[in-house]
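Colleague: If you want the building blocks of each chain, they are given just below.
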Amino acid sequence: MMFWIREIVGWVLVVAALVVMQMGLNFALSSGSPKIVEASVVIFASLGLLRSGILLIRISTAARICKLDRQHEKSP
Amino acid sequence: MNRPDPSVVTPTVLEPTHETSQFGGLLIISVLASAAGILFLLAPHMGWPLRFFLTAIILLTMKYWGGVMVLIAVQADLFFREPPRSANFQGATGLLAVFLIVTLLMFINRNRELLKHAASRPLSSIFGLIVSAFKGEIVFDSSKAVRQVPQMLGAIIRAIALLVGCVFVSQILLNTLPNRRTFNEDLRGWMLDETSVLQCSLLLSGIIAAWIVCHEIFWRQLTRDQSRLYLRSVFLTIHHADLRMIVRGRLHLRQKSALEKKEREAAAFSCRTENLPEFRR
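From first to last, the protein sequence lines stand for chains A and B. Numbered continuously in the numbering used here, the first sequence closes out at residue 76. Numbered continuously in the numbering used here, the second sequence closes out at residue 357.
One thing to keep in mind: the hints can contain errors.
If you anchor each label on the Cβ, the simulated ranges turn out as follows [said to hold, decoys possible]:
| id | chain 1 | residue 1 | chain 2 | residue 2 | range |
| --- | --- | --- | --- | --- | --- |
| 1 | A | S40 | B | L279 | 19 to 29 Å |
| 2 | A | I5 | B | G204 | 52 to 62 Å |
| 3 | B | V207 | A | E73 | 42 to 52 Å |
| 4 | B | G282 | A | E73 | 37 to 47 Å |
| 5 | A | H72 | B | R223 | 37 to 47 Å |
| 6 | A | M1 | B | R223 | 39 to 49 Å |
| 7 | B | L319 | A | M1 | 25 to 35 Å |
| 8 | B | L319 | A | S40 | 30 to 40 Å |
| 9 | A | E73 | B | G204 | 39 to 49 Å |
A short, non-exhaustive set of chain A residues, derived as facing chain B with CB atoms under 8 Å [said to hold, decoys possible]:
| id | residue |
| --- | --- |
| 10 | N26 |
| 11 | L29 |
| 12 | C66 |
Simulated from the structure, these hints should not be mistaken for laboratory data. Computed from a predicted model, the values in this text were never measured in an experiment. Cβ coordinates follow ideal geometry from the N, Cα and C atoms, glycine included.
Take the sequences, apply the hints, and build the full model.
Modeller: Okay, structure coming up:
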């Protein structure tokens, strides 16, 4: 169960990172007055979110594979 | 508990099987011939010796780079053809050439191991195949070959569907970009138009999302050994500072106890010598 919670949290973080990244892109690409500094700060934060989300997803996937294989080994 | 043999690795997308197909030799020869043909068709204004030399280099380094060098050669040729001499790549001939090049690149990347073996000794392996075919040393298992034909047909149909899909999507994407004639006007209008900028940011976010999803799908093909290794490396990365502190603390403690022991021994020795009579010191 913990693996699934971790994976769901990871995907939520990835989605949040994408939303924040799009906010940053809108800052940078706004034609009236492009806010480059604000955009760089927001995109940096979104990259952190993305990295942590992907780490959570990968850890939960790897742990689930290990656990499934161990269960297969135990059951003859 | 029965532990599996570590030398036996489950075949996955990351580690394809190394079983040689019955048509392996034929595939190697056809791919090397088509790669050589495509490379000869590139850069028609270059001299023959230089084309021979470049083709030989690309074929011989295929085992290191796979299809990357072929792709670079095609891109360089397209770059130097631009714009008036690119008429050869337009129309039905151009479409066929693009299909052929993309198919070749896909095949090279799919059968990297097979080609690595052939590209390490291209001439000797081809001559060896021909000689052994004439001598009848190649055992052609017809039943196995018949079993492999439907698999190959399925793979060809999948590859064609993938190719058509890729070409269709790339054509849609390329049609949205401005061409050379209207580039400046389109760019000016694009920058002034807020909706297109919004679409661009949406497209970028969508591409990143698709990239993440594809990566995660491939990540799920991990074997047990790979996932164990990954978990250990993540554990070490996360706890690196704590583990380092613990190990350094223990080393410091050991050094301190060794020093104390040495001092105690030295003190005991001096006590013993002090109690001895003068002539025995």
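Colleague: Per the hint of 42 to 52 Å, is the separation of the Cβ atoms of V207(B) and E73(A) within bounds?
Modeller: The hinted range 42 to 52 Å holds for V207(B) and E73(A), with Cβ atoms some 48 Å apart.
Colleague: Can you let me know if the beta-carbon spacing of S40(A) and L279(B) is within 19 to 29 Å?
Modeller: 20 Å, holds
Colleague: Given a hinted range of 39 to 49 Å, is it respected by the beta-carbon distance of M1(A) and R223(B)?
Modeller: 44 Å, holds
Colleague: Does the Cβ-Cβ separation between L319(B) and M1(A) fall within 25 to 35 Å?
Modeller: Given a distance of about 29 Å, which is inside 25 to 35 Å, the answer is holds.
Colleague: In this structure, is the beta-carbon distance linking H72(A) and R223(B) contained in 37 to 47 Å?
Modeller: About 29 Å separates the Cβ atoms of H72(A) and R223(B), which means 37 to 47 Å is violated.
Colleague: May I ask you to test the hint 37 to 47 Å on the CB atoms belonging to G282(B) and E73(A)?
Modeller: Taking Cβ atoms as reference, G282(B) and E73(A) lie about 41 Å apart, which means the hint holds.
Colleague: Given the hint of 52 to 62 Å, is the C-beta distance from I5(A) to G204(B) inside that range or not?
Modeller: 58 Å, holds
Colleague: Against chain B, run the beta carbon of L29(A) and see if the smallest gap drops under 8 Å.
Modeller: This hint holds: L29(A) lies near chain B, its Cβ roughly 5 Å from the closest one there, short of 8 Å.
Colleague: Given a cut of 8 Å on the nearest C-beta pair, is the interface hint for C66(A) held or broken against chain B?
Modeller: Holds, because the Cβ-Cβ distance from C66(A) to chain B comes to roughly 5 Å (cut-off 8 Å).
Colleague: Hey, does the N26(A) contact hint survive, CB to chain B under 8 Å?
Modeller: Status holds, d = 5 Å.
Colleague: Look at the Cβ atoms of E73(A) and G204(B) and judge whether their distance stays inside 39 to 49 Å.
Modeller: Since E73(A) and G204(B) have Cβ atoms about 44 Å apart, the given range 39 to 49 Å holds.
Colleague: Verify the CB-CB distance for L319(B) and S40(A) against the hinted window 30 to 40 Å.
Modeller: At 34 Å between Cβs, range holds.
Hint check: a violation occurs at hint 5 only; the rest are consistent with the structure.
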